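Asks: Top to bottom, those sequences are chains A and B.
The first sequence begins at 11 in the numbering used here and counts up by one.
The second sequence begins at 3 in the numbering used here and counts up by one.
In case anyone wonders, no lab produced these hints; they're calculated from the structure.
Computed from a predicted structure; not experimentally measured.
Just to be clear, a hint being listed does not mean it is correct.
Said to hold, decoys possible - If you anchor each label on the Cβ, the simulated ranges turn out as follows:
#: 1; chain 1: A; residue 1: Pro52; chain 2: B; residue 2: Gln283; range: 56 to 62 angstroms
#: 2; chain 1: A; residue 1: Glu74; chain 2: B; residue 2: Tyr178; range: 42 to 48 angstroms
#: 3; chain 1: A; residue 1: Gly84; chain 2: B; residue 2: Gly87; range: 30 to 36 angstroms
Unchecked claim - Covered stretches of chain B (in silico footprint by chain A; criterion: 3 or more residues with CB under 8 angstroms from a CB of chain A, positions within the stretch not fixed):
#: 4; stretch: 132 to 145
#: 5; stretch: 162 to 175
To be verified - Reference excerpt, derived from the structure (chain B facing chain A, CB under 8 angstroms, subset only):
#: 6; residue: Arg86
#: 7; residue: Asn150
#: 8; residue: Arg183
#: 9; residue: Leu184
#: 10; residue: Ile201
#: 11; residue: Gly202
We put the beta carbon where it would ideally sit given N, CA and C, even for glycine.
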Amino acid sequence: MSAKGEWTLAVSGVSKRYGGVTAVDGVDISIQPGEIVALIGPNGAGKTTLFNIISGIVRPDRGELYLQGKRVTGLPSWKMAELGVGRTFQNIRLFADLTILENVALARKGTPFSRLRLEDVKDVLSRTGLVDLARQRTGALPYGLRRKVELARALAGQPKLILLDEPTAGMNNAEAGDLVSAVRDLAQGGISVLLIEHSMKVAMGAAHRVVVMSLGKKLVEGTADAIRKDPNVIQAYLGERRAGSINAR
Amino acid sequence: MWKRIRSLPLLWTVVGAAIVLAPSFTRGVGYRTGYFLQLYSLLPIWIAAALSLTMITGYIGEVSLGQGALMGVAAYVSAVLSTRGVPIVISVIAALVMAVIGAMILGFPTLRIRGPYFVVSSMAFNGMFYELALNWLPVTGGPSGISNVPSYALVPFIGQYVPWVVAAICMLAVWYIGQTRLGKSMMAVREDEMAAGAIGLRVAFLKSIAFLISGLVAGLAGVSLVHFVGFVSPEFYSINQSLLLLTMVLLGGARRVEGAVVGCLLMFIVQEVLRPFAEVQLLCYGVVMLLVVQFFPRGLVSLFERQSSQ
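Next up, chain A with everything else stripped away, as it sits in the complex (with noise of 0.2 angstroms):
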């Protein structure tokens, strides 16, 4: 962990044009050690190209990123991910044709000619509940498994920061819930995570900071409670007839 005070991720004025479409407009965001900050806005406001500038999968325009104080524009995904940037994806993309044990541990470095062995990743597997599913392909396994497969894989990078696309994605309320405190399991142990929530009731419960975006700016950033009574951010979010829902999802 690193000193008090001392940001994990800086991002600042980042900015991304899809040919006419500004995806991404001046945004900054900075995290914390330890912090869980969520990523909310309406369809199209950014956040995904956000996470995939700072995953290093998509330069930026404009703007810098610094990673514990040291710049780190424009470095490709896997020095990112080296660096310790790990992520899920919105619509899981695991190798398929590979086991869980494989899959996970392709995150963890090793020398080309070792063999991907158990021993190797145990701790991210039993961690998430999956040693006894290791040898099984992902690509036949269920929704909610692989969820976590993607997550087991992003963990076991021993990531500083991780991303996270919109984790609770089709998951009941008992699997969301499970997942939150998960989340705040990481957090605890001083990773920083940025996720990206359509569920209200998560990204409140669960983060410490909620930033709002809409239509590739930042719109507002605060606690769940300020963000709950901004006005901006309801008539932006929810449309303004139906503000009162807001508190009810």
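Add chain B to chain A, keeping to what the hints say.
Replies: Chain B alone, transformed into the frame defined by chain A:
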């Protein structure tokens, strides 16, 4: 040690014995001996060539129609040098180096493009090689190629086993890579390039390594072929050979070493059966390919895979 030898599957022992003894039997039969011996030695060469495609199509996940040209680069380099007095060892090493360089050029576009786009660029690669071999008369001899290349085929006893040794080395190497982190990383790239990058795998590096190994294997096949038949001509390394290799690999199963072996064996048999009907050969390949892709997208060896690994 003894225990390990004993536990070797009976199948392998039988296969090994059959390979070693086959030449003596065909000699005993006395019927078209030379022809059978030729097929006997060509089969492992094509197995090695198919394995070069297993690396690319099976492991890294790109369909290449340029493998024939990689073999051709090696075959021509070794033929040109060895017929001009360069010792065979040096000509073979130079050939392998050139095949690897060729493979890097062939593979370079995959750093930018994927799927059908790469298929087209690999076809173009093969086309360029073919035109070069056909038209660079002073070096390649043009359409008539180069003959009187030093051949090991007639070296007593050892000659006929050389291609099998080469094929065995290639099989072991490709199989071994598939078991290691390196091979599994390549498969991860095949399955999902973006996710592979996001967990720290160097996609471009892995692709380059896959093409490098593929070039080496194809090069070995190429030099084995040219120094067996003793001559080289452009037709050997045209796009048709690349297509044949792809058919073999897809038929057997691109993702496993056994697939290349099974595919080669079956295509050899099919070729011999269809030899009198040369005109319909290509049509039959096409039909075979369609049927395989439709009904066994992972090739025939997938029929024997254990259910538990599903």
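Asks: Against this structure, judge whether each hint is valid.
Replies: Each hint tested on the structure:
1. Pro52(A) / Gln283(B): 56 to 62 angstroms: Holds, since proline 52(A) and glutamine 283(B) (Cβ atoms, about 59 angstroms apart) stay within the stated range.
2. Glu74(A) / Tyr178(B): 42 to 48 angstroms: holds (44 angstroms)
3. Gly84(A) / Gly87(B): 30 to 36 angstroms: Check failed, 53 angstroms falls outside 30 to 36 angstroms.
4. 132 to 145: It is violated: at least three residues are needed, and the stretch 132 to 145 of chain B offers just 0 whose Cβ sits closer than 8 angstroms to chain A.
5. 162 to 175: violated (count 0)
6. Arg86: violated (39 angstroms)
7. Asn150: violated (42 angstroms)
8. Arg183: Holds: closest Cβ of chain A sits about 5 angstroms from arginine 183(B), inside 8 angstroms.
9. Leu184: This interface hint holds because 4 angstroms falls under the 8 angstroms limit.
10. Ile201: holds (4 angstroms)
11. Gly202: With a minimum Cβ separation of about 3 angstroms from chain A (threshold 8 angstroms), the hint on glycine 202(B) holds.
Hints 3, 4, 5, 6, 7, counting from the list given before, are not met by this structure.
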